[in-house]
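Protein chains: 2
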Amino acid sequence: MYYVGIDVGGMSLKAGLIDENGNIVKKMSVKTVPGRKGELIVGDLATLIKDIIKEAGIDEKEVGGVGMGFPGSVWDEKGIVRYCCNIDFVNIPMVKLLKENGINYPIYISNDANCAVLGEAYFGAAKGAKNVVLITLGTGLGTGIIVDGRLLTGNKSAGSECGHMQINIGGAICGCGKKGHYEAYASATALLRQAKDACEKHPESMLNEEFKKKGYEGYVIFECAKAGDETAKKVVAKYIKYIGMGAVSLCNIFFPEYFLVGGGIANNSEIIAPLQRYISRNIYGSKYNPKIKVLAAKHLNDAGIIGAACLAIHGSSAL
Amino acid sequence: MYYVGIDVGGMSLKAGLIDENGNIVKKMSVKTVPGRKGELIVGDLATLIKDIIKEAGIDEKEVGGVGMGFPGSVWDEKGIVRYCCNIDFVNIPMVKLLKENGINYPIYISNDANCAVLGEAYFGAAKGAKNVVLITLGTGLGTGIIVDGRLLTGNKSAGSECGHMQINIGGAICGCGKKGHYEAYASATALLRQAKDACEKHPESMLNEEFKKKGYEGYVIFECAKAGDETAKKVVAKYIKYIGMGAVSLCNIFFPEYFLVGGGIANNSEIIAPLQRYISRNIYGSKYNPKIKVLAAKHLNDAGIIGAACLAIHGSSAL
Numbered sequence: 004m005y006y007v008g009i010d011v012g013g014m015s016l017k018a019g020l021i022d023e024n025g026n027i028v029k030k031m032s033v034k035t036v037p038g039r040k041g042e043l044i045v046g047d048l049a050t051l052i053k054d055i056i057k058e059a060g061i062d063e064k065e066v067g068g069v070g071m072g073f074p075g076s077v078w079d080e081k082g083i084v085r086y087c088c089n090i091d092f093v094n095i096p097m098v099k100l101l102k103e104n105g106i107n108y109p110i111y112i113s114n115d116a117n118c119a120v121l122g123e124a125y126f127g128a129a130k131g132a133k134n135v136v137l138i139t140l141g142t143g144l145g146t147g148i149i150v151d152g153r154l155l156t157g158n159k160s161a162g163s164e165c166g167h168m169q170i171n172i173g174g175a176i177c178g179c180g181k182k183g184h185y186e187a188y189a190s191a192t193a194l195l196r197q198a199k200d201a202c203e204k205h206p207e208s209m210l211n212e213e214f215k216k217k218g219y220e221g222y223v224i225f226e227c228a229k230a231g232d233e234t235a236k237k238v239v240a241k242y243i244k245y246i247g248m249g250a251v252s253l254c255n256i257f258f259p260e261y262f263l264v265g266g267g268i269a270n271n272s273e274i275i276a277p278l279q280r281y282i283s284r285n286i287y288g289s290k291y292n293p294k295i296k297v298l299a300a301k302h303l304n305d306a307g308i309i310g311a312a313c314l315a316i317h318g319s320s321a322l
Numbered sequence: 004m005y006y007v008g009i010d011v012g013g014m015s016l017k018a019g020l021i022d023e024n025g026n027i028v029k030k031m032s033v034k035t036v037p038g039r040k041g042e043l044i045v046g047d048l049a050t051l052i053k054d055i056i057k058e059a060g061i062d063e064k065e066v067g068g069v070g071m072g073f074p075g076s077v078w079d080e081k082g083i084v085r086y087c088c089n090i091d092f093v094n095i096p097m098v099k100l101l102k103e104n105g106i107n108y109p110i111y112i113s114n115d116a117n118c119a120v121l122g123e124a125y126f127g128a129a130k131g132a133k134n135v136v137l138i139t140l141g142t143g144l145g146t147g148i149i150v151d152g153r154l155l156t157g158n159k160s161a162g163s164e165c166g167h168m169q170i171n172i173g174g175a176i177c178g179c180g181k182k183g184h185y186e187a188y189a190s191a192t193a194l195l196r197q198a199k200d201a202c203e204k205h206p207e208s209m210l211n212e213e214f215k216k217k218g219y220e221g222y223v224i225f226e227c228a229k230a231g232d233e234t235a236k237k238v239v240a241k242y243i244k245y246i247g248m249g250a251v252s253l254c255n256i257f258f259p260e261y262f263l264v265g266g267g268i269a270n271n272s273e274i275i276a277p278l279q280r281y282i283s284r285n286i287y288g289s290k291y292n293p294k295i296k297v298l299a300a301k302h303l304n305d306a307g308i309i310g311a312a313c314l315a316i317h318g319s320s321a322l
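Sequence order for the protein chains is P and H. Mapped onto the numbering used here, the consecutive letters of the first sequence carry residue numbers 4 to 322. Mapped onto the numbering used here, the consecutive letters of the second sequence carry residue numbers 4 to 322.
Because the hints were derived from the structure by calculation, they are not lab data. Just so you know, these numbers come straight off a predicted model, no measurement behind them. Check the hints yourself; a few may be wrong.
It does not matter which identical chain is used: a pair holds within one copy or between any two.
In silico lysine-lysine, DSSO-like type, Cα no more than 30 angstroms apart, as pairs [claimed, not checked]:
1) Lys130 with Lys102
2) Lys102 with Lys81
3) Lys244 with Lys181
4) Lys40 with Lys182
5) Lys204 with Lys30
6) Lys294 with Lys81
7) Lys159 with Lys237
8) Lys244 with Lys159
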């Protein structure tokens with residue numbers, strides 16, 4: 004059996020066809036533009052699904068289903084996209100519309116972080132685990148959680164918004180407007196803000212110089228830390244502690260087998276080992292409870308399509 | 004069918020026999036003493052289970068199972084009590100030992116807060132709901148969580164320790180030794196500490212006088228607040244905000260249909276309405292997401308036995 008995974012973004016729609024072992028058989032993508040009307044994008048999506056199956060030369064009977072990940076709020080069971088970042092979707096009955104556009108496979112939709120954790124649990128860093136927490140560090144902080152082999156979605160799929168867990172009373176302002184949320188300390192955006200603040204205090208630092216030369220990019224901070232710049236080293240150490248604070252809370256709540264970190268920043272080897280130490284030292288009952296393995300998410304650029312395809316595999320059955 | 008529920012405490016072992024509709028058919032209890040050897044208590048438990056079935060005059064075939072709630076860490080699937088507060092249980096293979104003591108019904112064991120949330124979901128304030136979060140405010144802050152009709156336990160049942168979620172960086176010290184945990188702000192113990200601190204600043208307050216007369220008890224704070232004492236009113240208002248902070252985080256994570264508050268304090272009507280307002284105002288996406296109902300737990304003194312019996316009903320099948 005094969006599964007189609009669609010990674011919906013504001014700039015492109017990516018499709019992947021994977022086999023039952025998680026191998027990508029075929030990839031395709033189409034560009035989109037900000038401001039393109041939602042109903043036209045639905046048409047683009049239907050065409051993309053048909054095309055990838057056709058071009059892969061797969062018999063329609065061998066397609067087990069289509070999974071789709073959206074960067075926004077999705078009501079999974081109802082097949083409705085509530086809203087999306089940078090895409091003109093507001094309460095769109097996506098599954099219904101795709102069926103009207105001739106897609107007759109089972110279609111599953113969810114938030115993209117939910118897809119990502121499924122991708123890791125089926126074919127990635129947490130393969131075979133029944134309890135997994137994944138955080139993705141980007142503009143915001145997304146979370147995908149598997150509880151006892153099932154995706155956590157909450158009532159009407161409104162849950163799993165762990166970026167909006169408060170870690171500090173009256174603290175840094177979050178993108179949502181509230182104070183002290185995890186996202187406001189541990190997203191990639193927050194790291195850049197912390198680095199800029201540090202540079203204001205230390206204009207003499209290598210970090211400040213490199214920022215001016217290369218622009219305010221996350222990788223510059225890690226480069227400077229590696230090169231021994233004290234300011235950058237302190238920024239990174241503090242940032243990992245912030246990631247750790249929310250991570251420990253999530254581990255105490257879910258006690259997963261794996262705590263995974265995704266997003267571009269997670270590929271910096273400087274993050275995972277100290278985060279593992281922080282979590283192991285600070286989880287509740289660390290003496291007698293099982294160890295939680297901290298790993299970077301395995302799927303990088305293809306995380307979106309593999310995760311979405313795994314949503315179709317997951318369907319309504321547990322891992 | 005009937006189910007036996009056992010509420011294990013440091014001072015007494017309580018048993019209840021309930022029918023399929025959650026009605027208590029028979030109650031019994033035996034006292035125990037701090038320091039009594041664990042193996043003797045296992046014997047007491049076996050005797051109590053046999054006695055309540057016998058005295059209720061129920062045919063053994065009509066007993067569907069036995070559920071037991073412990074005030075401590077339990078490895079549910081393995082039937083092992085890892086440790087208990089004030090009871091000499093350390094890594095006790097409880098289910099195995101009870102079977103050796105002649106208990107041949109299916110036996111299920113768990114933490115008491117886990118039992119409590121099941122009791123509320125089957126026959127209490129959250130009847131019929133699939134996603135429920137319950138906090139119990141006492142010496143500590145316990146949590147019981149139902150995700151998509153199933154009890155959240157985590158890997159080796161080490162999870163659902165939401166009292167140890169960090170809500171404030173470097174904040175108040177928790178019973179576990181770490182700083183800034185939810186429990187350190189929102190347990191009944193924390194409320195008393197907050198009230199004592201307020202009395203030091205306001206020795207002229209009614210609260211301070213009443214504490215001296217009646218002792219440092221939680222109900223005194225609520226009495227004084229009702230009577231209009233400004234110090235007590237401020238303590239209560241701040242305490243509800245603290246409960247709300249962790250509650251909002253848990254609601255963003257789980258998005259339950261019901262957020263329930265248990266423990267003696269929850270019966271103060273002053274708590275639930277303002278907590279509902281705080282949560283409704285502060286949850287993520289409050290404009291478009293479903294409302295979360297905030298209620299006091301329904302089962303009061305019998306919460307332990309009803310919850311434990313519901314653990315036996317729950318068994319391995321979802322709500």
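Tested hints:
Neither within a single protomer nor between protomers do Lys130 and Lys102 lie at most 30 angstroms apart by alpha-carbon distance, with minima of 32 angstroms and 36 angstroms respectively. In this assembly of identical chains, the alpha carbons of Lys102 and Lys81 lie at most 30 angstroms apart only when taken from the same copy (14 angstroms versus 46 angstroms across copies). Proximity of Lys244 and Lys181 under a CA criterion of 30 angstroms is satisfied in both settings, with 21 angstroms inside one chain copy and 14 angstroms between copies. Taking CA atoms no more than 30 angstroms apart as the test, Lys40 paired with Lys182 passes in neither setting, with 34 angstroms inside one copy and 49 angstroms between copies.
Within a single copy, Lys204 and Lys30 get their C-alpha atoms no closer than 47 angstroms, and across copies no closer than 67 angstroms, so neither meets the 30 angstroms cut-off. Proximity of Lys294 to Lys81 under the C-alpha cut-off of 30 angstroms is restricted to the inter-copy arrangement: shortest distance 18 angstroms between copies versus 37 angstroms within a copy. Taking identical chains as interchangeable, the C-alpha atoms of Lys159 and Lys237 are never at most 30 angstroms apart, the minima being 41 angstroms within one chain and 36 angstroms between chains. In the homo-oligomer, the alpha carbons of Lys244 and Lys159 lie at most 30 angstroms apart only across protomers (26 angstroms), although the nearest pairing inside one protomer, at 33 angstroms, exceeds that limit.
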